[in-house]
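Protein chains: 2
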Amino acid sequence: MTWLDLPRDTGYGVTNLPYGVFSVAGDAPRTGVAIGDRVLDVAGVTSDPVHATGSLNAFMAQGVEAWAALRAQLTQWLSDGAHRDRVEPHLVPRDQVTLHLPFEVADYVDFYSSQHHASNLGQLFRPGSPPLTPNWKHLPIGYHGRSGTVQVSGAPVVRPSGQRKAPSEDVPTFGPSRRLDIEAEIGFVVGVPAAGPVPVTDFASHVFGVCVVNDWSARDLQAWEYVPLGPFLGKSFATSVSPWVVPLAALGAARVDPPARDVELLPYLDDTKERWGLDLRLTVSLNGVEVSKPPFRQLYWTAAQQLAHLTVNGASLRTGDLFASGTVSGEGHDERGSLIELAWNGECPISLPDGSTRTFLEDGDTVTISATAPAVDGSRLTLGEVTGRIEPAP
Amino acid sequence: MTWLDLPRDTGYGVTNLPYGVFSVAGDAPRTGVAIGDRVLDVAGVTSDPVHATGSLNAFMAQGVEAWAALRAQLTQWLSDGAHRDRVEPHLVPRDQVTLHLPFEVADYVDFYSSQHHASNLGQLFRPGSPPLTPNWKHLPIGYHGRSGTVQVSGAPVVRPSGQRKAPSEDVPTFGPSRRLDIEAEIGFVVGVPAAGPVPVTDFASHVFGVCVVNDWSARDLQAWEYVPLGPFLGKSFATSVSPWVVPLAALGAARVDPPARDVELLPYLDDTKERWGLDLRLTVSLNGVEVSKPPFRQLYWTAAQQLAHLTVNGASLRTGDLFASGTVSGEGHDERGSLIELAWNGECPISLPDGSTRTFLEDGDTVTISATAPAVDGSRLTLGEVTGRIEPAP
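The listed protein sequences derive, respectively, from chains A and B. Residue numbering for the first sequence follows our numbering, starting at 615 and increasing by one per position. Residue numbering for the second sequence follows our numbering, starting at 615 and increasing by one per position.
Warning: the hint list may mix true and false statements.
Identical copies carry no separate label here, and so any pair may be met within one copy or between two of them.
In silico lysine-lysine, DSBU-like type, Cα no more than 35 Å apart, as pairs [said to hold, decoys possible]:
(1) K907 / K751
(2) K751 / K887
(3) K887 / K907
(4) K779 / K887
(5) K779 / K751
Just so you know, these hints were derived from the structure itself, not from any lab.
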């Protein structure tokens, strides 16, 4: 399939070709595509200045035809040995590059689309009330996050400080979060703007690709602040994204039917004609130890429904808009996408091989979330990984 | 005070000098300063390319010394007749210019800092529960809004559609909002970025100026969606801002003590050394009829406290960040900053001189919110106005 000598399980084969922004030594950041253990310098090999801007935004704004044309061109160059002499000089070993935030984030929206996660959090945050709010199966609940604190994988995560008040305390105290958590999610990156509603059937005309997201969360700050206007400081300190954006075009073999819905949907959310369930498999590792395998395909709401909902009120869409799935949690105990679920609010600590246990994150902990998808050739492609290490509060 | 023949009540005297972005005919947008009924072409009169970018961001990023230097220069040019020949060619009648969104909005945060508003909304949205949530007097509650739908005054507001479910209905229906509302607010525009916490005492080193904000709200969409993650589609369709950003330096005479707080504040919110209460007086007009006069000075939380809170978890700040006060509502019935409060959830319709009544906005209605502040010379300066007309749902 390619003149490059790639192992079948590379994850970065010619069926993947995810886009990122990289630099070598002190050079200006430019667009690259991951292939095997190397990066193809797209700016160099195409000589197209759109790939030398240091961000994917300008290319993402060009639309599906431009995306398809470049993908076809890159596939040909990397598959047909006749192009080897021309292409090979533009390949850089991946371990020699610095990867940057691949796109400028316009608005960042975080959804809440896993029924298992929402039920778990409902039980933990609102004990005694029904775990799902009455609206949950009628619309994909979401909220706006802080786009200015979206950062690329590898950037450190400084433990946030803020107000915390346990139910047993009379007044809040100020200090570093004692309940620092992760949320394993998949993010969808908008390429083509829209002035208004984007129907479910137009999803692939606007969304360029997907990445892995860790929506770091300070549960103690969040619990005290979030009624009535939602999460704010509990989330706004940092959101990490993987450096590679996998184009939707690479995920054809990953499409599956979403779960059956047990409440009739309003027409704008009806996705029977355009089903965007995706068989992505996430893995969460804490200090190198796998602690969870969240299954994306179990999500109740698809990204196409999320986008239709997000815009149905007339809200416009910009290139660089990022919307994330919400924490991916499956039915099983070992499929939960956050520590508050995995350790059940501290009641069931996670045991690590070094003999230590975790309920929430400690300073120095490193969390890595990765994801894979079935590729058209029967192998699995990777969405790469998003990682971050907890630094102590200043 | 100036060689321009300005009436004392102009509101746009030399003590104001608000910044905006304007164009004449098809010319490129550039920075201007409002003076009387004219606009001073700052790009032209200074020949500084930072004012020819079509946005205030680059200038705002330069910091307080640059802001003070230009303000002193403009004041001198407009006050001393010796500069008349040099300056006058750069004055353009205000009625000949098009005003643009004055800055690129990075992140948009909306607070909830009027005790009267929060109490009123609490009674209306959560009848039977205490009107203020337990956290309200411990921290300035806020949430992130959609920066991509912030628009300049005058841009039409299309009635949003979405899911609505009255308490008497079993399931939601989809359609145009039946409870379209306003929120009269003041917005604060960040000039100088910060990598982390901005103490209350550093407020004026980061915030460039203020504008008037109308945070349009669809109360029916909001009521159905907002538990548990806060407002989303009920707010994200449009937020309008006034075209002139009044520099903080113009508001020295407006500073007042904020109201007494009856709960002890955590040290990072203690503002006894840096009090940023502001005696701004808002006016809300519906189809040209004044319906409310919200008093900004009654707000429980100041903008300096809001900024300290927003960043205390380590969240960074960018040039162009906009944070708004939340609806300004005073104690009096005619001081409320939203229709849901003025007409008390539809129970007490507002009577207009044409014999019609309003509970919420009808198609074709125009809402204008303006604000004034005391100026150093004893007159009042204006923050200008933000206006929008409701267009029917598509």
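Now for the hints, and whether the structure bears them out:
no.: 1; hint: K907 / K751; result: within (24 Å within a copy, 41 Å between copies)
no.: 2; hint: K751 / K887; result: within (19 Å within a copy, 49 Å between copies)
no.: 3; hint: K887 / K907; result: within (29 Å within a copy, 51 Å between copies)
no.: 4; hint: K779 / K887; result: between (47 Å within a copy, 26 Å between copies)
no.: 5; hint: K779 / K751; result: both (31 Å within a copy, 14 Å between copies)
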